[in-house]
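S.K.: Protein sequence lines correspond, in order, to chains E and C. First residue of the first sequence? That's 112 in my numbering, and the numbers climb one at a time after it. First residue of the second sequence? That's 112 in my numbering, and the numbers climb one at a time after it.
Nothing false has been slipped in among the hints.
No copy labels: a pair is met if it fits in one copy or bridges any two.
SDA-like, lysine to any residue: derived pairs with alpha carbons at most 20 Å apart:
(1) Lys490 with Asp506
(2) Lys437 with Arg524
(3) Lys314 with His483
(4) Lys314 with Ser359
(5) Lys190 with Trp242
(6) Lys317 with Glu504
(7) Lys520 with Arg533
(8) Lys265 with Arg121
(9) Lys490 with Ala375
(10) Lys317 with Glu481
(11) Lys314 with Trp479
Since the hints were derived computationally from the structure, they do not count as laboratory data.
There are 2 protein chains.
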Amino acid sequence: MPSPEEVCRRVLERITPGQAERERVLALAEGIMARLRSLLAEEGLEADVRLEGSLAKDTWLSGEADVDIFVRFRPDVPKRFFKERFLALARRAAEGLKQVERYAEHPYLECLADRVRVNIVPCYAVRPGEWLSATDRTPYHTDFVRSHLDERLKGEVRLLKKFMKGIGTYGAELRVGGFSGYLCELLVLYYGGFLEALRGALKWRKGIVVDISGYYGGREDEARELFRHHLIVVDPVDPGRNTAASVSLEKMCLFMAAAREFLARPREVFFFPPELPVKSDAELAEQIASRGTSLLAIRTRVAGLPPDVLWGQVRRTLRALRGTLKNEGFRVLRMGAWSDEVEECVLIFELESSRLPPVVKHVGPPVWVEEHVERFLAKQMANPALVCGPYIEGDRWVALVRRRWPDAKELLRARLSEGGGRQVGVAPLLAQRVQEYFQVLEGAELISLCRELEGFREWLVEFLVGRPRWLAPAR
Amino acid sequence: MPSPEEVCRRVLERITPGQAERERVLALAEGIMARLRSLLAEEGLEADVRLEGSLAKDTWLSGEADVDIFVRFRPDVPKRFFKERFLALARRAAEGLKQVERYAEHPYLECLADRVRVNIVPCYAVRPGEWLSATDRTPYHTDFVRSHLDERLKGEVRLLKKFMKGIGTYGAELRVGGFSGYLCELLVLYYGGFLEALRGALKWRKGIVVDISGYYGGREDEARELFRHHLIVVDPVDPGRNTAASVSLEKMCLFMAAAREFLARPREVFFFPPELPVKSDAELAEQIASRGTSLLAIRTRVAGLPPDVLWGQVRRTLRALRGTLKNEGFRVLRMGAWSDEVEECVLIFELESSRLPPVVKHVGPPVWVEEHVERFLAKQMANPALVCGPYIEGDRWVALVRRRWPDAKELLRARLSEGGGRQVGVAPLLAQRVQEYFQVLEGAELISLCRELEGFREWLVEFLVGRPRWLAPAR
Chain E
112 MPSPEEVCRR VLERITPGQA ERERVLALAE GIMARLRSLL AEEGLEADVR
162 LEGSLAKDTW LSGEADVDIF VRFRPDVPKR FFKERFLALA RRAAEGLKQV
212 ERYAEHPYLE CLADRVRVNI VPCYAVRPGE WLSATDRTPY HTDFVRSHLD
262 ERLKGEVRLL KKFMKGIGTY GAELRVGGFS GYLCELLVLY YGGFLEALRG
312 ALKWRKGIVV DISGYYGGRE DEARELFRHH LIVVDPVDPG RNTAASVSLE
362 KMCLFMAAAR EFLARPREVF FFPPELPVKS DAELAEQIAS RGTSLLAIRT
412 RVAGLPPDVL WGQVRRTLRA LRGTLKNEGF RVLRMGAWSD EVEECVLIFE
462 LESSRLPPVV KHVGPPVWVE EHVERFLAKQ MANPALVCGP YIEGDRWVAL
512 VRRRWPDAKE LLRARLSEGG GRQVGVAPLL AQRVQEYFQV LEGAELISLC
562 RELEGFREWL VEFLVGRPRW LAPAR
Chain C
112 MPSPEEVCRR VLERITPGQA ERERVLALAE GIMARLRSLL AEEGLEADVR
162 LEGSLAKDTW LSGEADVDIF VRFRPDVPKR FFKERFLALA RRAAEGLKQV
212 ERYAEHPYLE CLADRVRVNI VPCYAVRPGE WLSATDRTPY HTDFVRSHLD
262 ERLKGEVRLL KKFMKGIGTY GAELRVGGFS GYLCELLVLY YGGFLEALRG
312 ALKWRKGIVV DISGYYGGRE DEARELFRHH LIVVDPVDPG RNTAASVSLE
362 KMCLFMAAAR EFLARPREVF FFPPELPVKS DAELAEQIAS RGTSLLAIRT
412 RVAGLPPDVL WGQVRRTLRA LRGTLKNEGF RVLRMGAWSD EVEECVLIFE
462 LESSRLPPVV KHVGPPVWVE EHVERFLAKQ MANPALVCGP YIEGDRWVAL
512 VRRRWPDAKE LLRARLSEGG GRQVGVAPLL AQRVQEYFQV LEGAELISLC
562 RELEGFREWL VEFLVGRPRW LAPAR
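Chain E on its own, in the form it takes in the complex (with noise of 0.2 Å):
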């Protein structure tokens, strides 16, 4: 077995940006950014145009470049401004590439020439502490990054990034939560390497705080107290921010997992994941029949729903959705959820089995609860459903009934269909369109969404394999 610094250095031949990739990618950022100043110098508009994020910082890894144009204007610029006049400003400097508008805090434009993702955001120039928009924190990451990092240090950033991404924990976007590249950055910086960072992350447990500027020297509780996150890296910029926040507990564990795993079995496959085999759908098919679990599918559609809203409202969903299941008495073994982001969304749950028996216990109350005891008696005595009883177990009044949904696709449908499931806890912006259309598939059902749904095939096969492609089959 290679050792790890083996490893890293053939990893990291393979994502530094060559000259050539480099020249190509600035000089794609410096036209469009000059374009930009003399836009602004027309409107007499004061404002500064900054290269920002990895490409700035010299931390992007080849073939996957994003140039990040951040443009500053003087804090009495009012925000309507940004979306009024501002778009089309830098609609006009990035004339003839394709173009998306995005919403965060506030709009940017997306770009994309070639295969390399153009960001044009606005923020304000403001002292650190005053910030008066999400986004105004970045030049001063930038900064700060820039005045820290060493080449060395910039080659075990990369690595940091490809690993994460390898493993799927890289991106802030609620789609992932994972680690943002700015946090990659701080880990590299705080732990001193690649290798430290992993070896770093072996010894995090809930609530530890990492905290490069030492704010919180002696503090640490207070830092807890103030985020109350599983992950704390207090962002030297902002020490009122963790860096970490957007990192699920999952995600964390994960990067921990695959560290460990990494450490003891360094492999290339942490970077660059092969893709898994496509299936056909009589493959598929098979699979999950021999399977022996249940799979459901909830399909809705989710245009108008910007990516980081329509993750929150999935996630909002799936764990209401499981809720009402279990609460039926459904074990649930998985979910999961998958979205083109633009049109389609497919909520799966995977069951221990979506037939349950007919018959179920109903705990009453207990016999000193008078009201309710004669509410429960009267109720169950006149049950055409009463199977059993009732009876007395330990201080309680029960019965056996039977049950109202012994078939989860049913109790799914039941559920999606009064309100778009608003009753059961379906998110509001999802259950407006679940009004408009579902669907709940069931097993073999499901393959049909892999013929309609670009990408959910792929999705799918990965979904039911579950294990990490990083995990070693010999141990």
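Assemble the complex: chain E is given as a structure, and chain C must be docked to it using the hints.
M.R.: Here is chain C on its own, set in the frame of chain E:
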């Protein structure tokens, strides 16, 4: 609907012994006592022969007389004397009656004259608090009750006892886990009557202290701390003893529930529950099949276990096997046990289903428990039963695997075949017997038990109904 008082009046007429019955039973008792006295005198033994129990207190029920004859010895008589000579003496005194030796704390003789049970019990003449054996308190109980009960209260005690018998809460023996006759007497004394006791019981909660002698006046918490029981009725003869120690929570609650129901809907059915209709094999088989649950029975032989030992072992075993079933994922709706207390014993579990879906989720260790993680991953990656994963959920590794025991009957058979189930918590004396012989039966197979075991059919019919017979259908 009749008033409670009217129902009581009618019941009292039926359960109060008439003159002829009284004379017959007392003559029987006095005959044996006279013989005992002269035999003791012949042997030169100094001992006091006394009539105790409900006959002495005149709280017995017509048709259900028990004759309790106590022989009080001086404290210097060694305990082995009871075993070596007392029993022989008692046997001679009760010559002509059917006799069985019984053991509580020490041996005594039980005889049957017609349908009257006669117990001849040795004890020590000691002062209160200087008890040498458990039966030494009895004469003091008798004296206490006799000196406090007037004619009206004797009738009230009869009502409470008959009520307790009717609803199945009468008897301190482990099989019942209910209220002793003395406890019924104390409750009537404390509350001042039968209906008053029912009304009083409605106010009981876990940890209620009924302190007739006022010994713990204002220090009820001390009594709770001392006795640690849901129902505490302080023995006025020995404040260190909880007369209600034998009452299980379930029987306490059953009594409370029946009390509430009787006061709301007074009927004689509480005192004289009707027999359930006898069911044929075919009817029972049909009822079991259409019920929708799974019934599992474990049959074993229990010869040689005194009832209280047997039922103690049965209780522990039921709890242990319920745990075994639950641990493997089975949902246990109810359980119960039948025994003839001589030879045969049947444990019953009613499950939602005796078959479980083929796949189960194994929740492994949190990612940071290195040693356990390595063991879990090594095991699962080599597990031929692995279906999905291992993957990370929250902070833990989990895996979906084929279930080891999808069939409850096979599970029970396998567990009971290993040392009689000792390792899964079958109580030791029962495990010995299970090692020699057991059967696991399911569903319609239980019919064979109805044919072979006298009394089991009736028990099963009642178990299947579950509902107390006194619960009014229309409410």
